[in-house]
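2 protein chains.
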Amino acid sequence: MSEAPELVTFFKALADANRLKIVGLLARQPYSVEELAAILDLKPSTVSHHLSRLAEVGLVSARAEGYYSVYMLDQSALEATTRGIFSSEQMATVVENVDMDAYDRKVVDDYSRPDGSLKTLPAQRKKLEAVLRYIVEAFEPGTRYSEKQVNEVLSRFHEDTASLRRELVGCKLMGREGGGGEYWRNE
Amino acid sequence: MSEAPELVTFFKALADANRLKIVGLLARQPYSVEELAAILDLKPSTVSHHLSRLAEVGLVSARAEGYYSVYMLDQSALEATTRGIFSSEQMATVVENVDMDAYDRKVVDDYSRPDGSLKTLPAQRKKLEAVLRYIVEAFEPGTRYSEKQVNEVLSRFHEDTASLRRELVGCKLMGREGGGGEYWRNE
DNA sequence: AATTTAATTCGATGAATATCGAAATGGATG
DNA sequence: CATCCATTTCGATATTCATCGAATTAAATT
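Protein chains in written order, with this note's numbering: chain A, 675 to 861; chain B, 675 to 861.
There's no promise every hint is true.
No distinction is drawn between identical chains; accordingly, a pair holds when it is met within one copy or between any pair of copies.
[To be verified] With a cut-off of at most 27 Å between alpha-carbon atoms, the simulated DSSO-like pairs for lysine-lysine come out as follows:
(1) K717 <-> K793
(2) K717 <-> K801
(3) K846 <-> K800
(4) K793 <-> K686
If you are wondering where the hints come from, they were derived from the structure by calculation, not from laboratory data.
Make a model of the complete structure from these sequences and hints.
Okay, structure coming up:
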C-alpha cells in the first residue's frame, strides 16, 4: 500500500538518541505525545516531529483517544524491516546507480594527454590494468592483427609498444598465436 | 571482546547515503579508498572519513596492500549486530536512563500551588490518576485510618475531600472496610 | 636516504536537522 | 456553538555533520 522507503531514510529515522528512546518506550506500552515529552524532557512540538519521522517509515502509528493521540510501535513492521535490512536485494538497490567503472575512467583520464596518448605507463599494477582495459578497446573483437598492425595501434597510446603488447597478452586481454605474428582481442 | 558501541552510533554510521553505498560495494568485494572515491565521486579524504565511521562500529576493517589500504566488510559483525539490534536487552539499554515518572511529577507540579495544595482537580482521567498516585503517598502503608483522619490528610490537598476519597478507593489506591469508617493505603 | 603515492588528519564551510516558541488545527466537552 | 486541550505546523536558531583542500603521515619503491 505504500511506496518503497529508502533504506537510508529508515536508518536516519533511528539515528537519533531521543527517537531511539521513543522506540524503546513504545516497545513497552503506548504513550501520548505529552507523556513522551515529559519523560524525555522535550517540548511536545519536538516529540511530535520525532514521531512523524518514525511514522514516515512505518515504525509507529497513532490512534485517537479522547484528547490525546496515543502512539504505538508497529512491532511487525519493525521485525519485517529488521529482517530484510541487509538482504542482497537491499544491497543491490543501494548500489544500483553507482558508476562501477568510474575508477578505470579516472585512471585513464589521469594518465592521458589531450591528444589521447599516455603521459607514462602506470607503475602500479592496478592502474596499469585499468589503462590496458581501455587500450584494448581500440581493437575489434573477432579480428586478427599482425604484430605490425598491433604496434601501429598501440603507438597511438605510447611509444613502448613492446611493453604494452606483452602486458595485454599477460593480462589475457589479447591472445597470440604461435611464436609469430597473429594477435586478437579476447572475449 | 570490545566495548559496547551505543546503538545510536551504529544507526548514525549507516544513516548516510554514501556510507550505505560503501557498505553495499564492500559487500561484493574489497576496495581501496581511492577506488571508492572514484566510484562515488567523492574526495579521498571524505571517503576516509566515512570509512573511519564505519570502522568505529566494527562494520569494516582495513588491510595494508602495497601502497593501498584495502577495506573489507566484516560480514559476521554485520549479521551479529543486525540480529541483536532490537533485542529486548538493547531496548532496555536504550531506555535505561529515562525518567519514567517524569510525567506524573510534571502533572502534579502543574496542578500544585507553592504550599502543596491543588489548584483544581484535573478533569482528565489520566492526569487525575497521576495526582492520586501522588496524594496516596501521604498515607502510611499498613496503617488504618478513620474517615475523619482521611479527610484531615486530604484537606491539605483540596477542599473536595469527598471526591478525593471516592476516587482513591475507585482506583484501588486505597481500600475501605464495610460501610463505615476504616481506610488503608493499598499495596 | 630520497622520492613517490595513498591515506589520514586538520580546519573551514555549507547543508541538514534537532530543538524551541508561537500560531494554527482539530477533536471533544459542556 | 463556544471553549478547551493536545497536537501539529511553521519559522527561527543552534548544533551536527558531510564535504573539501591543504598539510601531514605512512609506506614502499628507486
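How do K717 and K801 come out at 27 Å by Cα distance, when the copy is not named: within, between, both, or neither? between (56 Å within a copy, 18 Å between copies)
Alpha-carbon proximity between K846 and K800, which holds within one copy, between copies, both or neither at 27 Å: Within one copy, since 15 Å is at most 27 Å while 77 Å is not.
Is it within, between, both, or neither for K793 and K686, if the alpha carbons may be no more than 27 Å apart? neither (45 Å within a copy, 43 Å between copies)
Alpha-carbon proximity between K717 and K793, which holds within one copy, between copies, both or neither at 27 Å: between (63 Å within a copy, 23 Å between copies)
Checked against the numbered hints given earlier, this structure breaks only hint 4.
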